[in-house]
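Protein chains: 2
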Amino acid sequence: MTTQELIAQIKKKKSFLCIGLDVDLEKIPKHLLNDEDPIFAFNKAIIDATHNLCVAYKPNTAFYEAYGLKGWRALEKTVNYLNEKHPEIFTIADAKRGDIGNTSTRYAKAFFEDLGFDSVTVAPYMGRDSVEPFLAFENKHTILLALTSNEGAFDFQTKLVDGKSLYNQVLETSKAWKNAKNLMYVVGATKAEYFKDIRKIIPDAFLLVPGVGAQGGNLQDVCKYGLNAQIGLLVNSSRGIIYASEGVDFAQAAATKAEALQQEMAAILS
Amino acid sequence: MTTQELIAQIKKKKSFLCIGLDVDLEKIPKHLLNDEDPIFAFNKAIIDATHNLCVAYKPNTAFYEAYGLKGWRALEKTVNYLNEKHPEIFTIADAKRGDIGNTSTRYAKAFFEDLGFDSVTVAPYMGRDSVEPFLAFENKHTILLALTSNEGAFDFQTKLVDGKSLYNQVLETSKAWKNAKNLMYVVGATKAEYFKDIRKIIPDAFLLVPGVGAQGGNLQDVCKYGLNAQIGLLVNSSRGIIYASEGVDFAQAAATKAEALQQEMAAILS
Chain Z
1 MTTQELIAQI KKKKSFLCIG LDVDLEKIPK HLLNDEDPIF AFNKAIIDAT HNLCVAYKPN
61 TAFYEAYGLK GWRALEKTVN YLNEKHPEIF TIADAKRGDI GNTSTRYAKA FFEDLGFDSV
121 TVAPYMGRDS VEPFLAFENK HTILLALTSN EGAFDFQTKL VDGKSLYNQV LETSKAWKNA
181 KNLMYVVGAT KAEYFKDIRK IIPDAFLLVP GVGAQGGNLQ DVCKYGLNAQ IGLLVNSSRG
241 IIYASEGVDF AQAAATKAEA LQQEMAAILS
Chain W
1 MTTQELIAQI KKKKSFLCIG LDVDLEKIPK HLLNDEDPIF AFNKAIIDAT HNLCVAYKPN
61 TAFYEAYGLK GWRALEKTVN YLNEKHPEIF TIADAKRGDI GNTSTRYAKA FFEDLGFDSV
121 TVAPYMGRDS VEPFLAFENK HTILLALTSN EGAFDFQTKL VDGKSLYNQV LETSKAWKNA
181 KNLMYVVGAT KAEYFKDIRK IIPDAFLLVP GVGAQGGNLQ DVCKYGLNAQ IGLLVNSSRG
241 IIYASEGVDF AQAAATKAEA LQQEMAAILS
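Heads up: the protein sequence lines correspond to chains Z and W, in order. Heads up: the first sequence at position 65 corresponds to 65 in full-length UniProt numbering, and the numbers run straight through without jumps. Heads up: the second sequence at position 139 corresponds to 139 in full-length UniProt numbering, and the numbers run straight through without jumps.
Hints may be right or wrong, so weigh each one.
Since the list can't tell identical chains apart, any single copy or any two copies may satisfy a pair.
[Claimed, not checked] Under the rule of at most 20 Å between Cα atoms (straight-line distance), these lysine to aspartate or glutamate pairs were calculated in the DMTMM-like manner:
id, residue 1, residue 2
1, Lys159, Glu76
2, Lys178, Asp35
3, Lys159, Glu172
4, Lys159, Asp129
5, Lys109, Asp24
6, Lys196, Glu84
Hint data in this document are derived by calculation from the structure and do not stem from the laboratory.
So that you can see chain Z by itself, here it is in the shape it has in the complex (with noise of 0.2 Å):
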C-alpha cells in the first residue's frame, strides 16, 4: 500500500485509528473456545465489527509465536482474510525485528511477502544494515521504534548522544538510510511532550502512536504536537478496544469502543 493510499483511507473514514490484535486466550469470551481456531475466530469478529471505524490493524507477534503452530496458523489466516475482505486497510505486523543484513532480509520477505503485510516494525539498535533490508521493499513500510511508550525508554532512548537524545540520532540518522522514504516510527503516547521535537526532526514522517488507553496515554496531547499536514499519525489502541467486553457482546462492546475515538479524531479532523 501507498502511504497516499493510507492518508486516502483515513480522510474517508475520518479515523486514524489503528486496533491492536493481541489475543490471549486467557481475556477472550469463553464460548470462543470450543471453536476450532478461537484466536481467528476471535480476531474476525473484531474484524467485522470495526472495520469501518480504523485504518489499521497491528497484531503482536508475540502473542502468536506464544501459541506455536496454531498461534502462526491464526496469524496467518488474520492477514489473509484483511487483504481479501478489506485491501483498503493497513496491516503492520508488530513484530520488533532486526538483525545483520542477510537475515533482516528474511524477516523481510516472511512479513512482506509471505504473510503479506503492508508494513512491520523493525527495532534500530543494530544500524543501517539491520534495517536498510526492508526499506528495500516497494510500497512496503518500515516502522523503526523511537521513543516506546515504556518505563524502560527511560534507560537508553532519552540517553544524551552528542547532545542529542539516542531517539533523536535514531530519527536524525535513519532519515539518511537507502529508501528512507520507506519509514515510519514509533512514538509512545505516553510521551506527548516529546512530539514536538520530533516533528522537527521528521515533519513528514508517519508515527505509529501506542499507548492511548491502557498504557494512560492522551489523544489530544498526542494530536496538539504530532498531527502533520497529512495527518501522519496513526493511533494504537489494543486491550483498551478488543476486552470492552468478556461476553458475546464483545465485538460490539469493541466497535463501541472504537468508535468513541473515532469520533474523537473526526471532531480533531475538522
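Once you've looked at the hints, dock chain W against the given chain Z.
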C-alpha cells in the same frame, strides 16, 4: 540448563563452539529437497555429525519464519530433537526479541516453555521492563545484544553516552536488573579489540560471539581478551560450518570444519 552445566560440558568436550543453524533451502544439498521436511533433515544430519564437537546450537528464527508454518514446525522439531537426543547441549533461539513487559512475557514463554530453548537473544533498546520478563525464568538465559558483529553497530552502539559508549551503558545498566545472573551478552568477533574493556565491566558473564568465519572475525583475537576463569565464551559459526559442502557429504564436511575450530579451542584451553 544451569551455567555450571554449560561450563562442565565445555570442559568435557574441550570446545566452546556454537553452531548456527541458519537453514536456507537455496543453499542446502539438492538431494534433501525431496525429503518431507528438508529443513529438519538438514539440521538432523548436521547435529548427528557435529554434536560431539560443539556445546551449543543456535537456530536464527528469521530463517524459519521465512518458510511460514513449515519453517516453524521445522524449528520445533529441531529443538525437540536436541532436547531428547542431546539434553546436555545448550540451545539458543537467536530471535532478537524485546517488547513492553506483558508482551515480552509472551515471547519468553514461547521460547523457554513452549519451544523449550535454554536461551534467547534479546534487543536492549526498550530497556529494563522489556528484558526482565525473560530474566524471570529460572535456569534459562537471556542473551542481550551489546556490540553486534555488523557494520551498523557503529551507527548507535559505539556512540558516546555520558562519556561511555552505548553498548557499555547497556552492559553497566543491565547488571542492576532483577535476576541479572541470567544474563549473557552478544559481542561480535569482528570487534575483538573491544573485548578487553568489556571484560572490565562484565568479568564473569558468558559472551555469545558471532562473526567468526564468514564475517571475518578471528578466534585467537577473541580468546586473548574474552576468555575468563570459567571460559565465559560461546563462539558461533554458522555458514562457515553448515555450508562447507553442497554434496551428499555435507554433514561430514561440516564436522570437519567444526573439528578444526574445536581443535583450535582445545589448544587454547590447554
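Status of each hint after checking the structure:
1. Taking the closest pair of Cα atoms, Lys159 and Glu76 never come within 20 Å of each other, the shortest separation being 38 Å inside a single copy and 39 Å across copies.
2. In this assembly of identical chains, Lys178 and Asp35 lie within 20 Å of each other by CA distance neither inside one copy nor across copies; the values are 46 Å within and 40 Å between.
3. Taking the closest pair of Cα atoms, Lys159 and Glu172 come within 20 Å of each other both inside a single copy (15 Å) and across two copies (14 Å).
4. Taking the closest pair of Cα atoms, Lys159 and Asp129 come within 20 Å of each other only across two copies (16 Å); inside a single copy the shortest separation is 23 Å, beyond that limit.
5. For the homomeric pair Lys109 and Asp24, the shortest alpha-carbon distance between copies (13 Å) is at most 20 Å, but the shortest distance inside one copy (27 Å) is not.
6. Taking identical chains as interchangeable, the C-alpha atoms of Lys196 and Glu84 are never at most 20 Å apart, the minima being 38 Å within one chain and 55 Å between chains.
Violation of the numbered hints given earlier is confined to hints 1, 2, 6; the remaining hints are satisfied by the structure.
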